[in-house]
Amino acid sequence: MVAEGDRTVCGRPALAVVGQAALLSLGHLPDPLGAGCSALTRSALLFLVKPSRFNYARPTSVEEVIGLLAAHGDDAKVLAGGQSLMPLMNARLARPELVVDINAVAGLGDIEVNGALRIGSVVRQRTIERSADAARIAPIIAAGLRYVGHVGIRSRGTVGGSIAHADPAAELPAIALALDARMAVSGPGGQRTVAAEDFFEGLFATAVSADELLTAVEVPRPPAAARSGFVEIARRHGDFALAGVAVSFEYVDGAVRSARIACSGVADRPLLATAAQDFLQQEDANDPRTFAEAGRRAAAQFDPPSDIHAPGSYRKQVIAVLVERALKAAIEGSDGADEARR
Amino acid sequence: MKRDDNHDGAIVDGEIEVRLQVNGASRRGRAEPRMLLADFLRQELVLTGTHLGCEHGVCGACTVLVDGAPVRSCLMLAVQAQGADVTTVEGLANGELHPLQQAFNEKHGLQCGFCTPGMLLSAAVLLEENPAPSSEEIREHLSGNICRCTGYVGIVEAVQAAAQAGGGAEASVATTPAAAS
Amino acid sequence: MAAEPMTVRSPQYVGARVLRVEDKKYLLGRGRYLDDVVLPAMAHAAFVRSPHAHALIKRVDVSAAKALEGVVAVLTGEELAELGSAFVTELQRPDVLSVTKPLLATDKVRHVGEAVAIVIAESRYLAEDGCDLVEIEWELLPAVVDAEEAISGDAPQLHDDVPNNNVAHIEFATDGVDAAFAAADHVFGKRFHCGRSHAAPLETRGVVADFDLGTEQLTMWSSTQLPHFLRTLIAPHLGLSEGDITVIAPDVGGGFGLKAHVFVEEAIIPLVARRVGRPVKWVEDRIEHLAASGHAKEIVMDVEIAVSDDGRFQAFRGRYIGDGGAYSGFPWSCLIDPLPAASLLPSLYDVRELGYTVDSALTNKCQTTAYRGPGMHPGHLARETLIEDIARKLKIDPVALRVKNCISSEPYVTANDMHYDGGSYIESIELAQELVDYAGFRREQLAAREQGRYIGIGFSPFVEAGTWGSEGARALGFPAEFYDTASVTMEPDGTVTVTTGTFSHGQGHHTSLAQVAADRLGVRLESVRVVDGDTSKATWGAGTYASRTATVAGGSIILAATDVRDKLLRIAAQMLEVSPDDIELYDGHATVTGVPEKTLPIATLAGIGYFGGPLRPEGQEHTLSATRYYDAPETYSNGVVVVIVEVDIETGAVELQRVVAVEDCGTMLNPMIVDGQVHGAIAQGIGGALYEEMVYDDAGQLLSGTLADFLYPSSMEIPSIEVSHLTTPSPTTEGGMKGMGEGGTIAAPAAVVNAITDALAPFEPEINHTPVRPSDVLALVARGPAQRTPKP
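Line by line, the protein sequences give chains H, Z and F.
Residue numbers for the first sequence, in the working numbering: 1 to 342.
Residue numbers for the second sequence, in the working numbering: 1 to 181.
Residue numbers for the third sequence, in the working numbering: 1 to 792.
It should be emphasised that the hints constitute simulated quantities derived from the structure, not laboratory data.
Given the structure is predicted, the values throughout are model-derived calculations rather than measurements.
Even for Gly, the Cβ is constructed at its ideal location relative to N, Cα and C.
Keep in mind that the hints are not guaranteed to be accurate.
Stated by the list, open to error - A few chain Z residues that don't get close to chain F, going by computed Cβ distances all over 12 Å: (1) R42; (2) P117; (3) Q164.
As the list claims (entries may be wrong) - Reference listing, derived: stretches of chain F covered by chain Z, where coverage requires no fewer than 3 residues with Cβ under 8 Å from a Cβ of chain Z: (4) 65-77; (5) 91-105; (6) 249-256.
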């Protein structure tokens with residue numbers, strides 16, 4: 001609420017309102033300013049839909065990308081599939097001076113299988129969704145991708161783009177976390193890999209610094225008894241989830257071991273339900289009460305935010321159900337999606 | 001530095017020429033980096049069948065095929081389509097109506113027509129990938145294309161009818177120059 | 001007047017599932033929408049809009065924008081006010097205050113998105129660059145975003161000349177309504193808040209204006225539903241005569257009532273085009289559209305029903321507070337929602353005691369405009385969900401309760417003097433019960449509950465006040481003359497040109513109205529061309545909205561075509577040497593009844609009508625053309641929407657399993673198009689029930705201003721929709737047609753809500769707000785007395 005007589009000069013009101021949150025997206029998650037709606041809506045106060053002027057580069061090597069980022073710093077923005085960045089640029093919330101298009105960079109579009117699954121950062125989501133290698137090594141990726149926007153989004157959107165964008169309600173970051181994926185990052189100092197748990201640092205914030213590039217996502221080779229499941233609930237099919245759960249574990253002799261339960265929509269980043277994981281490690285998975293209790297322990301860990309699509313209390317309540325259903329789906333080998341519906 | 005082409009690595013800081021294949025023909029036009037592909041198709045190439053409904057990637061009206069894949073042309077820059085093979089709704093009919101176009105007429109799959117171009121192109125991709133989709137598969141595939149008029153009933157029926165008429169296998173979309181010529 | 005048979009034989013086209021003749025251009029991508037209009041030397045406009053809900057404008061600095069290369073002009077509110085006059089919305093009734101809206105805000109803004117300045121540039125990109133450079137100094141004012149609070153007397157005032165922010169307080173009561181409530185066995189009531197909605201057609205608004213400095217004539221293209229009416233209403237604001245303005249509505253990508261208004265931008269763009277001496281195009285972007293075109297349907301309603309022990313409705317009472325937003329939509333006013341909501345309170349129930357009050361609040365939100373089923377959709381929700389609650393409390397089957405109180409199929413005059421022209425009110429409910437196997441469903445429901453599954457069924461029978469002739473509009477509280485005109489011309493070669501003042505923007509009129517003319521003239525459909533959407537080509541008319549076209553355009557075409565038909569019959573009679581009464585016009589030929597060999601092509605008769613000299617009957621004028629008007633009497637379609645849902649009581653997800661509609665709109669011109677209207681209307685109703693809402697925070701900031709937050713239902717949210725028809729032709733309208741485009745939107749929301757209520761019956765839910773979100777469902781489950789059934 002504004003006080004009467006409060007005077008303000010607003011040449012660019014939306015920017016004044018949103019400030020540094022200029023990394024935001026079509027996500028439904030509340031932004032840190034408590035706007036209660038998607039950041040795009042919050043930014044839309046400019047009523048503009050065509051990008052401001054920028055320069056454009058289309059390098060073909062990672063080295064060139066790093067060089068450009070080093071030279072231009074925060075004024076440069078990496079463009080992969082554009083499904084998150086372009087709406088922000090159209091609405092003039094993001095106003096880079098230089099757009100570095102990485103779609104032509106050699107190697108970033110490759111999928112490699114060498115025990116582990118290495119997904120180049122500009123591999124299209126639709127490509128990995130239909131990849132036999134991915135289906136064999138990590139079927140949860142395709143199960144979750146079904147809920148990432150729509151076909152027309154996924155056929156342009158990239159795996160790396162979604163993960164680097166780090167929307168806390170997005171599917172792929174949660175799946176990466178559940179799979180204990182490692183992110184390959186290149187920068188002026190060379191290459192490094194970052195575990196998913198260390199990668200997502202906050203709202204649209206990752207361990208990739210301004211002069212670095214996410215080059216690949218590496219999914220470790222699964223153990224023989226690996227199981228996984230993905231469920232979410234959204235207002236509509238294809239929307240960012242109100243809440244979602246990706247689980248991955250070993251299922252041996254009726255026991256759930258080494259479970260990773262990644263939850264989206266619960267905080268400023270996807271988080272592991274560690275209390276539930278620890279609980280499962282001790283318990284008998286054949287007891288139907290076990291998964292329900294795991295769900296309760298997961299929910300107890302979080303204090304999710306509210307927005308116009310659901311209050312935080314709803315997200316907290318439903319995360320318990322989703323954890324239970326994801327675990328069941330993983331064991332039954334069913335499509336998590338159907339499980340989410342019932 | 002002004003360049004005639006966005007050659008690899010060089011920084012483009014002004015209008016350049018974009019050359020690409022559209023509906024099987026070589027086309028060229030001018031675009032500054034910020035020009036959206038949708039605006040380039042509509043304004044530079046005067047292919048106004050591609051419609052803009054939101055310009056933030058939600059409604060799907062601006063869907064075109066880029067190298068055979070359905071994309072939202074409001075979320076892609078014209079300079080990114082350099083050398084690409086683009087299909088718009090204008091490329092769907094090949095002398096006679098595409099089976100999908102025929103079926104949309106027969107099943108009342110359109111009312112105001114604004115979503116129709118994007119809907120047709122998304123459906124065409126579906127039928128190429130899956131020549132006999134179930135109604136559930138059709139609904140899921142088309143969920144990124146909003147229609148405000150029809151309630152999708154006629155659209156889903158039309159895609160099914162087109163599939164039965166061989167709309168996927170026999171009437172390939174002009175995603176390659178050869179197919180369109 | 002009685003409807004005479006449209007042809008001697010059964011009609012060749014009316015009633016047939018004729019494929020649409022307009023489809024091909026759309027399918028080929030050759031439609032020509034507003035943004036496809038390109039003129040030489042055309043400049044592009046973008047608006048600077050308010051980020052604040054309520055603020056004084058202290059200073060507008062456009063110097064930097066003006067200095068930008070590529071910017072042609074920048075104009076502020078004060079400059080616009082010198083070019084043209086503000087809009088004043090006044091309904092022709094003394095109890096409704098007028099509300100003034102400046103073209104661009106001058107001293108103060110009243111909602112987020114209100115236009116403050118306009119930038120004209122060589123491209124839209126550059127115009128937006130210019131907008132970026134306009135600096136505005138604001139003094140913020142407290143905002144009011146709640147309708148009840150707005151009219152409470154303590155709220156910030158939006159307009160100096162609208163005391164208490166209340167545009168109208170209207171009351172209606174039968175003499176005995178209070179006594180009926182006092183004496184009733186039971187009085188049930190509920191408050192229902194219908195969420196703020198948005199028509200949001202897939203094509204936004206837009207205007208192109210070309211002012212010819214030589215002839216001083218204006219040609220303007222607008223994405224509108226009412227080209228002629230727009231010209232009539234806009235001319236005074238432009239300082240031009242109607243004769244100097246041509247308005248063209250190109251292909252229009254949906255309107256749903258929103259584009260049946262006149263907006264300030266439709267004055268601003270022509271004024272600016274004249275000022276800069278170049279054609280100017282403005283295409284509204286989606287963000288502007290959501291924030292600053294027209295919202296709809298937000299009403300807070302208190303509805304009460306007096307009921308006897310045996311379940312008879314004895315009296316209805318309602319209080320309706322509409323949230324009109326910051327201005328009163330032009331020309332229909334912000335009464336467009338609350339007044340029809342109240343007027344149609346009786347719906348299909350036989351209730352003789354009736355009372356209601358209507359208030360129309362102004363708040364710091366976008367103005368409201370009509371959206372499919374204006375007012376009727378929220379009003380229906382309040383009443384039908386209350387009836388559902390009553391059935392549960394009285395332990396009467398909700399469908400039986402409705403049937404018990406339903407009027408008969410005969411014409412009926414409601415307690416507030418609405419003249420229904422008869423319909424299949426009970427029959428449609430019974431048919432719907434059969435179609436869904438109602439008894440079987442109840443068994444299935446019980447079995448499902450045993451398994452911990454919650455399925456439910458919701459019935460929503462409706463009466464739709466469509467057509468909007470003078471009498472129909474008056475019955476809803478809008479006193480003015482509304483009719484339409486058509487010209488029918490048989491050209492010398494026998495082809496037919498029909499012009500109409502209505503305007504097809506997706507409804508397929510070029511097919512359905514051609515069917516009407518073809519049958520009346522006995523020509524083949526391919527011979528008929530329908531022309532609309534251009535004031536220089538078509539006869540004057542009020543446009544297409546309020547489900548009026550089949551009835552008023554159809555009626556006026558029947559009348560005009562009958563005049564032409566009479567001329568043809570006289571020519572044929574003379575040529576075939578029989579009486580005109582013995583001639584049949586069918587399929588392009590005039591034939592003596594019972595004598596098939598005595599026949600002439602109608603094209604030949606047409607040639608005679610123009611150039612036949614002595615072959616033309618003595619005294620008959622040259623040419624074959626007629627223009628007629630038609631003001632349809634009151635007419636009301638009816639039907640039922642039934643929805644079956646499954647509710648996941650753990651996540652609150654609602655899955656629509658089945659949607660069944662029974663529709664009775666009298667004579668159907670084209671059942672395929674009728675079905676399409678039902679499908680689309682129901683889909684929008686589902687959107688309103690579960691997904692779509694324009695949400696503001698307490699400070700008047702818009703929280704659903706993009707399509708990331710205003711949720712259109714997709715093909716995954718709308719299930720297949722089964723439509724059945726009953727046909728009770730109107731005894732009063734030409735041709736027996738009744739308006740039918742909105743029933744689905746009126747009825748579907750209550751069907752969805754009632755189905756959820758039914759599914760959750762063990763929890764004794766009472767739903768009193770739409771849209772119903774998953775979190776709302778879980779809240780109902782949590783509140784309810786039933787124990788959560790453990791899952792098997």
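A quick look at each hint next to the structure:
no., hint, result
1, R42, "8 Å, violated"
2, P117, "5 Å, violated"
3, Q164, "17 Å, holds"
4, 65-77, "violated (count 0)"
5, 91-105, "violated (count 0)"
6, 249-256, "holds (count 5)"
Hints 1, 2, 4, 5 from the earlier list are contradicted by this structure; the remaining hints agree with it.
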